[in-house]
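Asker: Take a look at the letters that make up each chain.
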Amino acid sequence: MTSTTQSYLWVILQGSLLTVGVSLGALLVSILLGLLGAAAKLSGRPILVGLGTFYTTIIRGIPDLVLMLLVFYGGTIGINTLLEKMGSEATIDIEPFAAGVITIGFIYGAYMTETFRGAILSIPKGQMEAAWAFGMSRPQTFIRITLPQMVRYALPGFTNNWLVLIKATALVSLIGLQEMTYLAKQASSATRSPFMFFLFTGALFLVYTSISLIALKKVNARYSLGTKRVSL
Amino acid sequence: MKKLLLAAAISALCATAFAQGKDLKVAIDPTYEPFTFKTADGKPTGFDVDIATALCEQIKRKCVFVEQAWDGMIPGLLARKYDVIISSMSITQERLKQVDFTDKYYNTPSKIVLKKDIKFDGPASIKGKKLGVLKASTQEKYALGELKTKGVEIVSYDAQDQVYLDIKAGRLDGTVADILEVGGGFLSKPGGENYQFVGPELYIPKYFGTGAGIALRKGQAELKKELSAGIQAIRGNGKYKAINDKYFKFDVFGK
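Protein chains in written order, with this note's numbering: chain A, 3 to 234; chain B, 600 to 854.
In short, the hints are calculated from the structure, not lab data.
Being a predicted model, the structure only gives us computed values, none of them experimental.
Even for Gly, the Cβ is constructed at its ideal location relative to N, Cα and C.
There could be a bad hint or two in this list.
As the list claims (entries may be wrong) - Here are the computed distance ranges between Cβ atoms for each label pair: (1) A:L72 with B:K729: 44 to 54 Å; (2) A:G52 with B:K659: 52 to 62 Å; (3) A:G80 with B:T638: 33 to 43 Å; (4) A:R62 with B:K718: 29 to 39 Å; (5) A:T59 with B:D844: 57 to 67 Å; (6) A:M88 with B:E821: 14 to 24 Å.
What the hints assert, rightly or not - Not everything, but these chain A residues come out facing chain B in the computed CB check (under 7 Å): (7) S9; (8) V13; (9) K187; (10) A192; (11) S195.
Produce the complete structure using the sequences and hints provided.
Answerer: Right under this line is the structure:
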């Protein structure tokens, strides 16, 4: 392996930190939106249910790439045209890291909504009713009763969403972020040896997803305390 | 209160920049060696980058390079992420509908490349052969307009490198590409020795446009004039030639 190749690999490895950063940021946003979405869809209030359904239907029905172009470029072009119309000379430049986190978070929030909604529905309603009967408020009921139990039900779907989300970060180069897939493309174009760099990037993704799987397994074990695993 | 919060949130996310600043933000997609690529230590380099730097010097502004994947190139310009694109972008009728271009700063012809054992005597003679081209490129337009109509099978790829990979894998008989790109990236590399250029140099403006120019948003007549004059100036004072000779054996300014 030449030293040039090594330097390019090093650049990609550094770029992978950005991939991890965007993934984790987007995960937080998606969890938040997922909880809000699930709450809205289960609230029984027509306006909230409608909003939640609109969100999940639109987002899950349109390809990530198209959404990213629409949300990021459409948004920026719109704001800047508006500013120009108002006679302002300033232009808005959305910070690409924030844009990547928000866009991916916004997309995966829709998937999380459905995952969380399913998990909440798996908890017998009597438990929440019992909590209310004891005089707990709704937030208290959620934190003490619903959340600890829904984690176990939500984890399989959550794990899926998370793995797909990590890989979706490869799309953020479109909005100007130097994540590792784009860096691999640059390196392979400069050296004309694509396999070396794409294999390396693939391996890095595998490392990150494997670490996630191990961590999530621990979480699963923690939240499955008190339940019995059945083998048929 | 709500409006105040919204304003605070927006200003936290966005850096407000003034269009008339000193820095000239130049977009490049550094995946096109030897025109734009990155060295191992991550510095943008290549013919486009050097020309951009020379032009910035000429118009007394500082070049700040912004890396952008090709698919988002024009949307990013329209969204004002940068002021100009100097990344081997060909001046074409379609692009002119959305953006403005300066005069060309280089114009290299494209050519058809085929396996050596295939006889070429005009497009009709390679009916049924399979050629790979870069998606949304001028070469793709030429191939669809002049070759596909004669029965040549055309397959489009996301990157020119993928075309080479598929030629090596035996799925393609050749490609249509810029002579410099395919000369440096394929013919001179291992695996390219069984392939050769066929037919004439392709300059047809209908497909290939009039060369690579600097793209900018419409309504920036002044900057456009300044940059076009800058290209003339570096052609005249020898800077262009110095950069040209660093990368190429002949003058890429072209016809």
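Asker: With reference to the structure, classify each hint as holding or not holding.
Answerer: Outcome of the hint check:
1. For L72 of chain A and K729 of chain B, the Cβ-Cβ distance of about 35 Å falls outside the hinted range of 44 to 54 Å, so the restraint is violated.
2. For the hinted restraint 52 to 62 Å between G52 of chain A and K659 of chain B, the CB-CB distance of approximately 57 Å keeps it satisfied.
3. Distance hint for G80 of chain A and T638 of chain B: a CB-CB separation of about 37 Å, consistent with the stated range 33 to 43 Å.
4. With their beta carbons about 53 Å apart, R62 of chain A and K718 of chain B fall outside the hinted range of 29 to 39 Å.
5. At roughly 59 Å, the beta carbons of T59 of chain A and D844 of chain B sit within the given window of 57 to 67 Å.
6. Look at M88 of chain A against E821 of chain B: about 22 Å separates their beta carbons, and that is inside 14 to 24 Å.
7. The beta carbon of S9 of chain A comes within 3 Å of a beta carbon in chain B, closer than 7 Å, and the hint placing it at the interface holds.
8. Interface hint at V13 of chain A: satisfied, since its Cβ lies 5 Å from the closest Cβ of chain B, which is below the 7 Å cut-off.
9. A cut of 7 Å between beta carbons decides the hint on K187 of chain A: the least distance to chain B is about 5 Å, and the hint holds.
10. Proximity of A192 of chain A to chain B holds as hinted, the smallest CB-CB distance being about 4 Å (cut-off 7 Å).
11. The beta carbon of S195 of chain A is not positioned within 7 Å of any beta carbon in chain B (closest approach about 10 Å), and the interface hint is therefore violated.
Comparing the model with each numbered hint stated earlier shows that hints 1, 4, 11 do not hold.
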